[in-house]
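J.: Here is how the chains run, residue by residue.
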Amino acid sequence: MSTPEAPWDVVVIGGGNAGLVAAITAREQASRVLLLERAPAALRGGNTRHTRNVRCVHDSGDQYTPGAYPYDELWRDLCAVGDGPADEELASFTVRESASVPGWMTAHGIRWQPPLTGTLHLGRTNRFFLGGGKALVNSYHRTAAAAGVTVWYDRTAEGLEFTGNRCSAVLVSGRDAGDPERIAARAVVCASGGFEANIDWLRRYWGSAADNFLIRGPATNDGRMLATLYALGAAQAGQERGFHAVAIDARSPRFDGGIATRLDCIPFSIVVNSRGERFYDEGEELWPKRYAIWGRNIAGQPGQIAYSIWDAKVNRLFLPPMYGPAKADSVAGVAAELGLDPDAVATTVAKYNESVVAGSFDPSRLDGCRTDGLTPPKSNWAQPIDTPPFYGIAMRPGITFTFLGVRVTADARVRTVEGGAFRNVFAAGEIMSGNILSSGYLGGFGLTIGTVWGRTAGAAAAREAVSP
Amino acid sequence: MNDGGMSEGPFAEADRQLTICNACRYCEGYCAVFPALERQVDLTAGDITHLADLCHDCRDCYTACMYAPPHEFALNLPAALSAVRHHTYDEYLPRLTWPAGRRGAMLAAALAAILLLAVLGVIVGGAGAPAGSPYRVIAYPALLVAFGLPAAWSVIVMAWSAARYWRATDGRGWGGLASPAALGRALRQAATLRNLRGGGADCSYPGDEPSGARRRLHHLVAWGFAACTASTVAAAISQDFAGDPPPYPAASAPVLFGVIGGAGLVIGCAGLLVLRRTAASSGTAAREDPALARRGYALLAALLVLAVSGLLTLVVRDTAAFGPVLYVHLVAVAACFAIAPYTKFMHVIYRFLALVRHNSEPVQR
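Taken in order, these protein sequences are the chains called A and B. Take the first sequence: its letter number 89 is residue 89 in the numbering used here, and every next letter is one higher. Take the second sequence: its letter number 164 is residue 164 in the numbering used here, and every next letter is one higher.
Isolated chain B (complex conformation):
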């Protein structure tokens, strides 16, 4: 225990548990957390944060642990590490004097984004665009501003948080981020969710029995999200480079990517929400920090709103409902852009940075 934060609740408890894990090591085959732990002798708060984000929450270490409750050692590493992650998600945000705190900043950012969209919508409007075009609700340049500002804000806050996180968790400076090999391995492991494979045993989630459901559903969400991004990029290319403004036909790249991505998000998020409910009712709820669990629900619900409203705009685009539905979707997108750094969305960044650090450390045998 080398620094200040360690005497505090989640770190002290994680340190106690990880010290036992490091003396046992039976779980080494499940994921990257244990090999990473074994490189350390004295854990710092930064090390513990790193291990917490390296943990992908497969929970195999819980079902395999002979020291899990009711054993007196009371090991519950998934819960201990998720409590540290919960701390992480707040700790590295920029400290603003106003609005103070995560909730305040999140609320202010969301309101500002919604207000901006509303004001621009009223001032600029969307007259002149053809039927079925999104620009009937709000003109293209105004839409760029309404999305661009919150997105830029988000990127700045995320980059700021990521930089603070990296400084706090990486003992060897910025070099790891410049290593193509480490970045490549980290990307591959993130893209394949290698650490949710449990060394071949799959996850112990939502209950005690092994299941690949969480990994598969997460793939649908992550790749669905990527496809939706691809849809936006394809639309931008069609419009700004090919001179082909929306609406796009069903057999076009923006619509196809959007439909596939939206469907992936809907199925993935709904499935993960069902798994969360199952976990909560199957008696395994104690394996996660309750506050982090709420943020998990919130992220899934938000993505579900985005995906459903986005798909709906496509379904109703030839009807009178198109305008209102699109408006709801745009509000949701703008608000989500604005608040992303204050939500569990940050797990994407922190986990990736944890994987980069892990892959730039020497292998021990």
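Same shape as in the complex, but just chain A:
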């Protein structure tokens, strides 16, 4: 099917943060910009709906981020997670560019709020936008509409049509079955996210463990555009098993449970697997620096499930779980309620309690309250679990987004396996996050990547469209 209509200057695939930023940026130079949003308007924004802050370099504090966070410190933080940055050049560009991100966001309609309570330690490094991700998406849509960006909802980009090295059209399907519509484009920005909601795809790298993964974002993040780009010869960036995953309530919905289902009890608890055994240091680091490893930790346990157990002493120190914890007057009672072997859990807790070294408990810092002679140890916030009532909760890996994506050039062009790059196809956001992140994650940095690369891709796509 071909339509005689004049081609769009820039077609942006995906209506999350990266796509919106790309569309708004592209519209500054290009006159006809189209954004394709796969969801209906009420659910627009993809994973961005579930975000709440952005991590950026700032050389001085202000009312929202009360202290400096210089380049070197953010760079060190990035190097400390997982295997460090994937591509140092692109990662350092991202960190450098992050300094101008908050100002850009403010200028494009985003409002801020002081750091949320219960987000200890994030206040200095991360900036919280008022109302969270959906409010951000709403604001960007207002800005985009005022700037003259066209948005189509309920549209899925099924494929790209190429003439030589140049994409000439996006094949788009609507809600109705039928042949995809051919949307002619001078430049295309792929900001369609990862493939975390595609369980079959996850199974290729994780085997049947993927069946026990819960996906924190919408079911539409199935990686269709990523697969299309690979089929067209795009080069791969990032590790196949690279993802950002956290511990979430095992009772969460399979898709789109977002922030409310995550659990912050781990550093104040002990975590056992289905055999009732501990398997990782719960008090290794401050929670904002370690929360992102627990999805992976649990993914490595039998049945991809683990159980956090705590007592009355610490029950108010973390955000209350959405579905409520199991509660009983004894450790064995909680274990039984969780479907665990009460004897095994009671033995684990008793052994742990005996190994706790007396110290001065302080949830706001690495307090050195630790175990002695226990494997694995608990290095901080270790207190005996001895005060009824006892609580417990079952946790599964909650996958936020996958890192495996397409390789890009410094101006966000999608690279090909032959070593070149597509002339007019660009990528931004999670679909290219594997250029920067390897296996670990730094809270709020997904938004940074999306904004920096949304701007880069949007500007480059507009230039390509206006003067090819």
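No lab work stands behind these hints, which were simulated from the structure alone. It should be emphasised that the depicted structure is a prediction, and the values quoted were computed from it without experimental measurement. Some hints could be false.
As the list claims (entries may be wrong) - Simulated DEER-style distance windows between Cβ atoms:
(1) Asp-154(A) / Arg-102(B): 42 to 48 Å
(2) Ala-159(B) / Arg-142(A): 44 to 50 Å
(3) Ala-219(A) / Val-348(B): 56 to 62 Å
(4) Phe-279(A) / Val-41(B): 37 to 43 Å
(5) Val-41(B) / Ala-99(A): 48 to 54 Å
(6) Ser-281(B) / Ala-42(A): 37 to 43 Å
Stated by the list, open to error - Which stretches of chain B does chain A cover? Using the computed rule of at least three CB atoms under 8 Å from a CB of chain A, they are:
(7) 28-41
(8) 71-85
(9) 146-157
(10) 313-324
Ideal placement from N, C-alpha and C gives every residue a C-beta, glycine not left out.
Chain A is fixed; fit chain B onto it per the hints.
T.: Just chain B now, kept in the frame of chain A:
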């Protein structure tokens, strides 16, 4: 869930939603409800009532919520909390054996007030007062009785309801009411409608787009009401202390306050009614409890009748229509005095008490 009422509809649903909110907390910057919620781990019916009245219905939490319908969590906190408020407005009224129920009591109070005014008007009359004086319709002492009795009734019912409300929602006794700092902060927040600012984002009302219209119109209504009260007080001072009986010239305090206040009420109430109609037709009607929405209309309509009839008395005071128009206005005032505690007028008291409790609780960080 600690007590009886919690298993009932509006509380159970509000509890379900607030539990999700407390695990999310993204809306913390919008208003006082979320910081207040975060102090709680297990919500009681009193806590939920407190949060419901702390909510000023800006609806920013709805447009910002990724769990709003069609999401399966189906969060609609403005509607859930307004359903609890609707419950609140009935729950704390004095329980009378006769007339039973809110409607019965309201009707009886209104009829009694109107009857009282009519009887006094016939018995006492208003002969002797100069032209343009309100006392040509009914003599001053009779008017005092006709307004004083329903007003006293109202004050007693309101105080009774407020006391029951405070006992039910405040965990720490009467101390909060005696804290000048908490009272001062609550007064300032009430006077500025701080909780309708959405943390700087304004309201998501009447539609999805941010707008300060509701806050501004509410200011006109609230301050208009205050100016009308000031007009009455000024008139009382002029008459009883300065020995200067009505009618008052256009450039006098009673007339100026009355005109300004009446105009504020008319513009504010009419504007809020228009916003309500817009909200109802823009598909956002589901963000409010329908029964409470009807009471919202009723309060605005009643205030509009008061303001328009009051302004009319001024306009026609040198004509033959003055007597009938004034009579309509007096009937409206007496009836409204009598029924105020049974209407959404009580939001003034409950919201203020909620703000007092909120401001006497420790700040969490």
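J.: State for each hint whether it applies.
T.: Going down the list of hints, with the structure as the test:
1. Distance hint check: the CB atoms of Asp-154(A) and Arg-102(B) are about 46 Å apart, consistent with the given range 42 to 48 Å.
2. Hint check: Ala-159(B) to Arg-142(A), Cβ distance near 46 Å, so the stated range 44 to 50 Å holds.
3. A beta carbon spacing of about 46 Å between Ala-219(A) and Val-348(B) contradicts the range 56 to 62 Å that was offered as a hint.
4. Taking the beta carbon of each, Phe-279(A) and Val-41(B) are about 29 Å apart, not inside 37 to 43 Å as hinted.
5. Separation of Val-41(B) from Ala-99(A) is about 39 Å and departs from the stated range, judged on CB atoms against 48 to 54 Å.
6. Take Ser-281(B) and Ala-42(A): their Cβ atoms lie about 18 Å apart, and the range 37 to 43 Å is violated.
7. A stretch counts as covered by a chain when three or more of its residues have a beta carbon under 8 Å from one of that chain; for the segment 28-41 of chain B and chain A the count is 6, and the coverage holds.
8. Only residues whose C-beta sits within less than 8 Å of a C-beta in chain A count toward coverage, and the segment 71-85 of chain B has 3 of them, enough to reach three; the restraint holds.
9. Proximity of the segment 146-157 of chain B to chain A, defined as three or more residues with a beta carbon under 8 Å from a beta carbon of that chain, is not established by the 0 residues found.
10. Look at the segment 313-324 of chain B against chain A: 0 of its residues bring a Cβ nearer than 8 Å to a Cβ of that chain, fewer than three, so the hint is violated.
The structure shown violates the earlier hints numbered 3, 4, 5, 6, 9, 10.
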